[in-house]
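Peer 1: Protein chains in written order, with the working numbering: chain A, 1 to 116; chain B, 117 to 229.
Take the hints with a grain of salt, since some may be wrong.
[Said to hold, decoys possible] With beta-carbon atoms standing in for the labels, derived distance ranges: (1) A:Ala-72 / B:Asp-170: 39 to 47 Å; (2) B:Asn-146 / A:Glu-59: 22 to 30 Å; (3) A:Met-45 / B:Asn-171: 25 to 33 Å; (4) B:Asn-146 / A:Leu-26: 30 to 38 Å; (5) B:Arg-224 / A:Pro-86: 20 to 28 Å; (6) A:Ser-73 / B:Glu-124: 37 to 45 Å.
What the hints contain is simulated information worked out from the structure, not anything from laboratory work. Predicted, not measured: the structure shown is a model, and the values here were computed from it. Backbone N, C-alpha and C fix where the C-beta goes; we use that ideal spot for every residue, glycine too.
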Amino acid sequence: GAVVSQHPSWVICKSGTSVKIECRSLDFQATTMFWYRQFPKQSLMLMATSNEGSKATYEQGVEKDKFLINHASLTLSTLTVTSAHPEDSSFYICSARLRGLYNEQFFGPGTRLTVL
Amino acid sequence: AQSVAQPEDQVNVAEGNPLTVKCTYSVSGNPYLFWYVQYPNRGLQFLLKYITGDNLVKGSYGFEAEFNKSQTSFHLKKPSALVSDSALYFCAVIGAGANNLFFGTGTRLTVIP
Numbered sequence: 001g002a003v004v005s006q007h008p009s010w011v012i013c014k015s016g017t018s019v020k021i022e023c024r025s026l027d028f029q030a031t032t033m034f035w036y037r038q039f040p041k042q043s044l045m046l047m048a049t050s051n052e053g054s055k056a057t058y059e060q061g062v063e064k065d066k067f068l069i070n071h072a073s074l075t076l077s078t079l080t081v082t083s084a085h086p087e088d089s090s091f092y093i094c095s096a097r098l099r100g101l102y103n104e105q106f107f108g109p110g111t112r113l114t115v116l
Numbered sequence: 117a118q119s120v121a122q123p124e125d126q127v128n129v130a131e132g133n134p135l136t137v138k139c140t141y142s143v144s145g146n147p148y149l150f151w152y153v154q155y156p157n158r159g160l161q162f163l164l165k166y167i168t169g170d171n172l173v174k175g176s177y178g179f180e181a182e183f184n185k186s187q188t189s190f191h192l193k194k195p196s197a198l199v200s201d202s203a204l205y206f207c208a209v210i211g212a213g214a215n216n217l218f219f220g221t222g223t224r225l226t227v228i229p
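Given the sequences, and given the hints that come with them, work out the whole structure.
Peer 2: See the structure below:
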């Protein structure tokens with residue numbers, strides 16, 4: 001099946017620093033990638049949708065200047081959390097949609113961000 | 117607007133017994149329905165989906181789900197639960213014209229040995 005990887009899987013950083021999370025579709029081309037945030041014992045909240053070569057579409061309430069998303073190629077999307085603060089600590093999950101297969105989404109293993 | 121309801125936060129079942137995790141949905145048009153499973157500190161793993169065709173959908177790890185249009189439900193089932201099935205289960209839907217999955221709040225399944 002289609003595989004989506006994320007790197008790093010776990011990151012701890014100091015408050016005020018920026019953290020970049022990579023999401024890669026390993027064996028397929030993803031025209032669309034999604035970034036989700038998941039708080040403990042809660043569902044996934046969609047943060048933004050990114051299409052290759054165009055600007056990401058952010059959900060209401062998500063700060064685009066704080067959560068920078070770049071979808072540079074059909075196999076790579078990055079999420080940069082700028083000037084991270086403790087309240088940004090969360091589990092971030094990316095998802096990639098398989099080209100040609102309507103709305104099939106495959107999920108990465110997630111990245112746990114802890115901001116001290 | 118689209119929505120998904122998973123009415124049970126927690127489901128406990130004895131090993132070997134059948135299990136059901138409930139899901140109801142509300143969308144405009146024909147729904148595309150999915151079940152995902154999440155293990156601790158892991159991303160979501162796809163179990164099965166309903167797009168069209170037979171109402172009974174079979175998926176990974178012996179799971180199946182039945183699409184019921186009149187009841188707007190898509191309950192996840194398995195005839196005989198395993199301890200290793202213990203995890204968090206999410207139902208998700210895409211409505212007509214939508215661009216992304218909308219998730220339910222999740223149901224934690226615990227299979228008791």
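Peer 1: Could you check the hint for me, namely that B:Arg-224 and A:Pro-86 are 20 to 28 Å apart, CB to CB?
Peer 2: This hint holds: roughly 26 Å between Cβ atoms.
Peer 1: Does the beta carbon distance between A:Ser-73 and B:Glu-124 stay inside 37 to 45 Å, or does it fall outside?
Peer 2: Holds: the Cβ-Cβ distance is about 41 Å, inside 37 to 45 Å.
Peer 1: Taking 22 to 30 Å as the stated bounds, is the beta-carbon spacing between B:Asn-146 and A:Glu-59 within them?
Peer 2: 24 Å, holds
Peer 1: Lying within 39 to 47 Å: is that true of the beta-carbon distance A:Ala-72 to B:Asp-170?
Peer 2: At roughly 40 Å between Cβ atoms, B:Asp-170 and A:Ala-72 fall inside 39 to 47 Å, so the hint holds.
Peer 1: Kindly confirm whether 25 to 33 Å is satisfied by the beta carbon distance between A:Met-45 and B:Asn-171.
Peer 2: 30 Å, holds
Peer 1: Is the hinted range of 30 to 38 Å satisfied by the C-beta distance from B:Asn-146 to A:Leu-26?
Peer 2: Given range 30 to 38 Å: holds, Cβ gap about 31 Å.
Of the numbered hints stated above, none is contradicted by the structure.
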